[in-house]
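The task is simple: from the sequences and hints, build the whole structure.
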Amino acid sequence: MKYSAWSVFWNGLTGNRGWKPVWRNPEPKPHYDVIVIGGGGHGLATAYYLAKDHGITNVAVLERGYLGGGNVGRNTTIVRANYGLEGNSQFYSHSLKLWENLEQDFNYNAMMSQRSVCNLAHSDGQMDAFARRGNMMRMQGDDSELLTREQIRAEYPYLDHRNGRFPIYGGLRQKRAGTARHDAVAWGYARGADMRGVDLIQNCEVTGIRVEQGVVKGVETSRGYFSAGKVGMCAAGRSSQVAAMAGLTLPIESHVLQAFVTEGLKPILPGVVTFGMGHFYISQSDKGGLVFGGDLDMYNSYAQRGNLPMMEHVAEAGMAMMPMIGKAKMLRSWGGIMDMSMDGSAIIDISPVGNFFINCGWCYGGFKAVPASGHVFAHLMATGNHHPAADKLVLKRFEQGRMIDEESSGATPNLH
Amino acid sequence: MRIECPICGPRDSREFHYRGSAKLLDRPTADAGEEAFSDYVYQRENPAGRNRELWFHELGCRAWLVAERDVTTHAFFSVQLAKTAKRSGS
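Quick note, the sequences are listed as chains B and A, same order.
The letter at position 72 of the first sequence is residue 72 when you use this note's numbering, and the numbering goes up by one with no holes.
The letter at position 63 of the second sequence is residue 63 when you use this note's numbering, and the numbering goes up by one with no holes.
It should be emphasised that the hints constitute simulated quantities derived from the structure, not laboratory data.
The C-beta atom is built at its ideal place from N, Cα and C for all residues, glycine as well.
Hints may contain errors.
[Stated by the list, open to error] Under 8 Å between C-beta atoms, here's a sample of chain A residues computed to sit facing chain B:
| hint | residue |
| --- | --- |
| 1 | C5 |
| 2 | R44 |
| 3 | N51 |
[Unchecked claim] A few chain B residues that don't get close to chain A, going by computed Cβ distances all over 12 Å:
| hint | residue |
| --- | --- |
| 4 | G237 |
| 5 | S240 |
| 6 | S254 |
| 7 | Y302 |
Pasting the structure below:
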């Protein structure tokens with residue numbers, strides 16, 4: 001069914017009996033042309049673009065739990081394209097363009113809201129760095145505006161403008177950035193893929209990858225063996241384990257990142273605001289909750305929950321930036337497992353194992369990357385060639401010394 | 001999370017700085033070649049279970065430690081001084 005104002009109107013008149021489940025729950029087939037491991041945002045988007053752009057529909061997405069139950073369901077929903085380095089710059093620019101047309105493209109309401117992202121600056125040096133970054137964003141074809149102290153004060157009056165330690169000097173804002181309804185993004189891609197014949201197999205854990213003479217032949221799962229022409233891995237958070245099944249080691253450590261949400265409040269925050277000095281970022285969901293997050297817990301973790309010291313640190317940073325949040329009650333906190341790569345950038349490549357493709361290393365940036373990640377990964381799997389927007393995100397960049405290291409912190413995954 | 005420092009006893013994890021896999025103790029020799037160094041600097045086993053890792057007791061005795069910890073539960077199995085671990089090769 002195509003969703004439209006008319007379909008809402010018609011179903012309203014007919015007792016809402018016309019709505020059907022948005023995807024099937026099919027029995028798996030013994031062979032697929034392409035198997036995608038991981039039914040999160042990236043895996044579902046990959047399957048969607050394989051079917052839609054490349055006509056490859058004999059595809060299965062294998063998901064250990066339920067669709068969208070991993071990091072696409074546990075992030076802070078921010079979408080932006082403000083990266084500075086060649087490699088990331090064109091990739092996130094490509095992603096933001098796909099976001100802008102996403103809902104029309106897959107006919108699903110992802111509640112994409114271009115409500116802007118503003119990064120605060122706290123020194124003259126940081127203002128200079130932001131001016132430079134803003135120019136880079138413009139040169140990549142995206143928008144940016146440098147805001148003065150007075151503009152910030154006028155437009156963001158609720159920030160602590162008298163903070164003695166980190167006074168606000170100005171900010172860098174991208175108006176086309178914003179937030180999207182994270183679950184709906186996964187559901188929209190799942191529906192679009194399913195409509196085109198892709199089998200979405202839930203509760204199906206991949207337990208082994210069969211490789212013969214250096215070429216992948218299929219995957220062992222908790223629901224039996226499936227042979228495949230090509231296998232793509234979109235299992236961020238567990239990438240190292242899945243890759244190990246194919247005999248690969250990755251330049252990745254897994255870390256937990258926490259996020260928090262308060263009780264629902266009246267609208268106060270029109271956009272996303274970030275406070276780099278405390279590694280804090282905040283927005284307000286359409287339901288009214290303030291959604292915010294901070295830094296990693298800093299040590300390797302596969303526990304999908306964080307510990308209290310970082311929660312305290314995030315609360316302190318929040319109070320330093322925006323003291324009014326001290327009145328709000330925190331309702332929930334949760335943790336997601338990040339693939340922290342050795343240079344802080346993602347990896348989308350053909351692996352050394354034939355017909356085995358890897359998509360991993362998303363660090364904190366996985367959600368905003370979803371459309372482009374699926375788009376370029378489908379392109380790579382279908383054609384064997386890198387999409388121009390992602391041709392720098394290769395696995396060999398580490399041994400070749402061509403890192404894409406936005407933070408310039410070297411091979412320390414927890415500092416990116 | 002508490003870490004049992006061999007010198008200071010059990011201390012809050014906030015006193016410690018985390019440096020990642022204890023693989024960093026096994027630096028290849030200068031003539032080991034590019035592949036060995038690339039592996040040393042970038043590749044990580046990243047196990048979802050027992051992980052051998054380096055901690056620095058920054059706000060305590062300032063000793064480098066090698067800890068074995070389950071990264072799914074944060075249970076520590078052993079903590080020893082890095083120099084002891086390196087000497088014994090364990």
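> Can you list which hints this structure breaks, lowest number first?
Replying inline: Hints 1, 4, 5, 6 and 7 contradicted; others consistent.
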